[in-house]
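Engineer: Chain by chain, the residues run as shown.
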Amino acid sequence: MKLRFFLLLSLIVHGFSILLFWPKPEPVYDVSEVQILEVLGSNQKSENSRKPIQKKSQSPITNKNENSTQAKNQNEENQSENSTENSESESDSSQEASIGVLTEKPKVLKAKRVPYPASARRAGVAGTVDLEIVIDSQGQVASASVVRGPGFGMNEAALEAIKEFLFSPAKIGEKKVAVRLRYQYVFELGGKL
Amino acid sequence: MRFFFIGALVFSSWAFAQEGSDEYRTVIRTDSFSTASKVVIDEKTIRESKAPNIPALLASQANISIVNSNFQPSSIFIRGGDSSHVLILVDGLPAYDPTTTQRTLNLSNIDITTVRRIEVIKGSQSVLYGGQALTGVIKIETFPTQVADQAAGQAEAGQREYRKAAVFGMKALDESQGVLARASMTEKNNHSPLKESDFTYHSKLLNGDVGYLRKSDFDFFLKLNGFDDYSEQATGYGDVVLDTKHFEARNQFWNLTGGVLAPQVPLKPSLLASYQQGVRKFEQTQPWGDVNSRYQSELLNVRLETFPVDREQDQLRFGASHTKENFSELENGQEISNQFQYSSGVFAKYDRELAESLSAEGGLRSDFVYGRDRVDSYQLGMTVFKDWRFEYATGFKVPSLFQLYSENYGSNKDLKAETSRTLTLTYSHTVSERQNFSISVFETSFSNLIVFVGAPATGRYENVQEARSRGAEAVYAYRTEDNLKLDLSFGYQEPRNITTGEWLLKRSLVSGGARLLKEWERDSAGFELIGNGVRFDSRTYDRLPGYMTTNLFYNHDFIEHVSGYIRGNNVFDQRYQQSKNYFDEGAFWFVGMEFRN
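As given, the protein sequences belong to chains V and Z, one line each in that order. Quick note: the first sequence uses my numbering, first residue -11, plus one each step. Quick note: the second sequence uses my numbering, first residue 5, plus one each step.
Each hint should be verified, as a subset may be incorrect.
The following label-pair restraints were derived from C-beta to C-beta distances [said to hold, decoys possible]:
| hint | chain 1 | residue 1 | chain 2 | residue 2 | range |
| --- | --- | --- | --- | --- | --- |
| 1 | V | Val1 | Z | Glu27 | 47 to 55 Å |
| 2 | Z | Thr504 | V | Leu(-1) | 56 to 64 Å |
| 3 | V | Arg(-8) | Z | Val575 | 24 to 32 Å |
| 4 | Z | Leu320 | V | Leu(-1) | 32 to 40 Å |
| 5 | V | Ala130 | Z | Leu427 | 50 to 58 Å |
| 6 | V | Leu(-1) | Z | Ala529 | 24 to 32 Å |
| 7 | V | Arg(-8) | Z | Asn336 | 31 to 39 Å |
| 8 | V | Arg(-8) | Z | Arg547 | 40 to 48 Å |
| 9 | V | Arg(-8) | Z | Leu384 | 51 to 59 Å |
Not everything, but these chain Z residues come out facing chain V in the computed CB check (under 7 Å) [to be verified]:
| hint | residue |
| --- | --- |
| 10 | Val31 |
| 11 | Ser220 |
| 12 | Ser542 |
Reference listing, derived: stretches of chain V covered by chain Z, where coverage requires no fewer than 3 residues with Cβ under 8 Å from a Cβ of chain Z [claimed, not checked]:
| hint | region |
| --- | --- |
| 13 | -5 to 1 |
| 14 | 90 to 104 |
| 15 | 110 to 116 |
| 16 | 133 to 143 |
| 17 | 160 to 171 |
Rather than coming from a laboratory, the hints here were simulated on the basis of the structure. By construction, the Cβ of each residue, glycine as well, lies at the ideal position given by its N, Cα and C atoms.
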């Protein structure tokens, strides 16, 4: 085989090796920054929030630590202060918090699957419906809206489905909180079984 | 091109990123069993098969016969029709080389690692897609459906100094838009098509894409693709194949494709457009004089589609398309032919669910071809009890510019358009969640079939004949709980020229396949049997014996994202005749490594 092929192959293999074994930075928090937009039901704000929210409390707790241990300690402090401050209204969703203090993400307990919409199937169209949903402190979908979607009945179908989802509530410590997050409902024109 | 390859590699490294969590995502897929009339091959199946190219994939997955011969791109046979009756759509628009006799393209030139989905619809689809879609459509999708950081790379090496390297990267610029780059390089020293010869013919294919994708209130995509396909070839005369030195064929094409889809605005319009330029050339240096033939082409496609009615129970789609093709032929640098052709079509198709167990559809299309009479196509379909589908469709095909105007080979500018009428009855029965059976019975009648009449040097294309292809095709699928998949397919057809009573050339009367795939946690293995029965070829209607080949493949996931595999094509080294005196290369093994995040 020609030398240049080996050189190219070597370049590819080395490239992959570098990519594979490149140290990944430790995540600061155990929550997906991509999808959780906002925590409702606590009283602080963080720089990690993708969509910082207006602070209402006069005594925000700062949370600028970069490493996970510090963040965890901070979370514990937050929790104790939160529990004091919010003892009277545990499920008060008018107060706000950041995703940085979340100790448990909501998990899907019951997912509703809808049939592939007839008009999308006929037109041979597939796509992803991006939904923005609020999960209340009971894990119910309190509100939902379509951020963007491919149409052909898929936006409506996804919206109808998400309202029947049930989640485990998000938590800050033991306290159940409401969160706003991004959910994707994907319609794919699949292959053969 | 090499710099582009390195660029794509660097780009794919940049695009490598942690994949998003699937925690907040639900996927609804239309997975279903294949039927005898429609086969969908998704990305997972394409990756699993480890097929080295698209023709190998289609032969094993969709019961499609593919034949190679000198000079021409590989021929595709579906239900008695050949490549000139099958329309290939890439990202929604017709893709072919306008200078080829059959107005087709070599599917091997599309890098299989870039393909996301293939849908094969057997039967006429002229109403939606226009001319050429008389016996089938092969829809190839290459664009990702989602904007996300992705990277992939593949390296393969095998017998006959085969080597392939491919890289792909997509980088999300923000939530709704991304850029992508792909490149691949394949090299091989092919066996001579002569059985006892030890000649080898070098081939090399370079392919690259750059693209932009936006998914928002409206979708937008733009893709620039180019490929350079170089191969040394044997020559021949009629059905005589001769080993030849320094006879080189080269296809160089670039293509710009773009589209806007706006499903949120009234009528849900979508507009797709592509422009392609290419050259196909043959060169040979000989003491008694050089051969230097060039075929240059341009192809412009525009397609607009709207949905004036789109409800749960019915849908009306209305659209228009325009195609313009240019053809020029040069001999030793001298232009000997330069022609163009364009056609515009309007179409409407209406689907309605009449009752729970009854739905119907009807379509009409009118095409206005430059310098010709208007051609109308119809399609009527009815589905009863979800299992039974009856369809009647007509189709047409305008002669290729090569058949009309080539000064080199048998052109006839008086050729008329071919037309076809197809009746199909398909029965699909889901025996259980794990078993499915489907059978199609069909009859297609061709009028004004274009065939080459006479000796190669003196003959020419004529459309004086009527032909008919009728037969049946069946598929059976079985899935077990522990990921064992079995697919069987069988087809019988009688592609007959009614005028002369002879069989249409190169089409096999019987074709079939079996495919078994088993998946474990980190491994998968499978085998494929592909068989084709007796065919007839050459002017003397020589009978070519049937053949059966076996392919084997095994894949192992070493760690997350990295897998290694081995595949053997035609492992029992059957050197059968693909076409008269053109022998298959026999056994071919290769190994590969793949990274994909």
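Engineer: It remains to establish, for every hint, whether it holds in the given structure.
Structural biologist: A quick look at each hint next to the structure:
Range check, V/Val1 to Z/Glu27: about 33 Å between beta-carbon atoms, so the 47 to 55 Å window is missed. Judged by the Cβ atoms, the range 56 to 64 Å given for Z/Thr504 and V/Leu(-1) holds: they are separated by roughly 58 Å. One distance hint, 24 to 32 Å for the beta-carbon pair V/Arg(-8) and Z/Val575, holds here, with the actual separation near 31 Å. At roughly 54 Å, the beta carbons of Z/Leu320 and V/Leu(-1) sit outside the given window of 32 to 40 Å.
Taken as a hint, the range 50 to 58 Å holds for the pair V/Ala130 and Z/Leu427, whose Cβ atoms sit roughly 56 Å apart. Roughly 31 Å separates the CB atoms of V/Leu(-1) and Z/Ala529, a value that falls within the hinted 24 to 32 Å. At about 33 Å, the CB distance of V/Arg(-8) to Z/Asn336 agrees with the hint of 31 to 39 Å. About 46 Å separates the C-beta atoms of V/Arg(-8) and Z/Arg547, a value consistent with the hinted range of 40 to 48 Å.
Hint check: V/Arg(-8) to Z/Leu384, Cβ distance near 58 Å, so the stated range 51 to 59 Å holds. Look at Z/Val31: its Cβ gets to within about 4 Å of chain V, closer than 7 Å, so that hint holds up. Because the closest C-beta pair between Z/Ser220 and chain V is about 6 Å apart, less than 7 Å, the hint holds. Because the beta carbon of Z/Ser542 sits about 37 Å from the nearest beta carbon in chain V, more than 7 Å, this interface hint is broken.
For the region -5 to 1 of chain V, the assignment as covered by chain Z holds, since 5 residues bring a beta-carbon within under 8 Å of that chain's beta-carbons and 3 suffice. Coverage of the region 90 to 104 of chain V by chain Z holds [criterion: at least 3 residues with CB-CB distance below 8 Å; count 8]. Counting residues of the region 110 to 116 of chain V whose beta carbon lies closer than 8 Å to any beta carbon of chain Z gives 6, which meets the minimum of three for the stated coverage. Counting residues of the region 133 to 143 of chain V whose beta-carbon sits less than 8 Å from any beta-carbon of chain Z gives 5, enough to reach three: the coverage restraint holds.
Only residues whose beta carbon comes within less than 8 Å of a beta carbon in chain Z count, and the region 160 to 171 of chain V has 3; three or more means the coverage holds.
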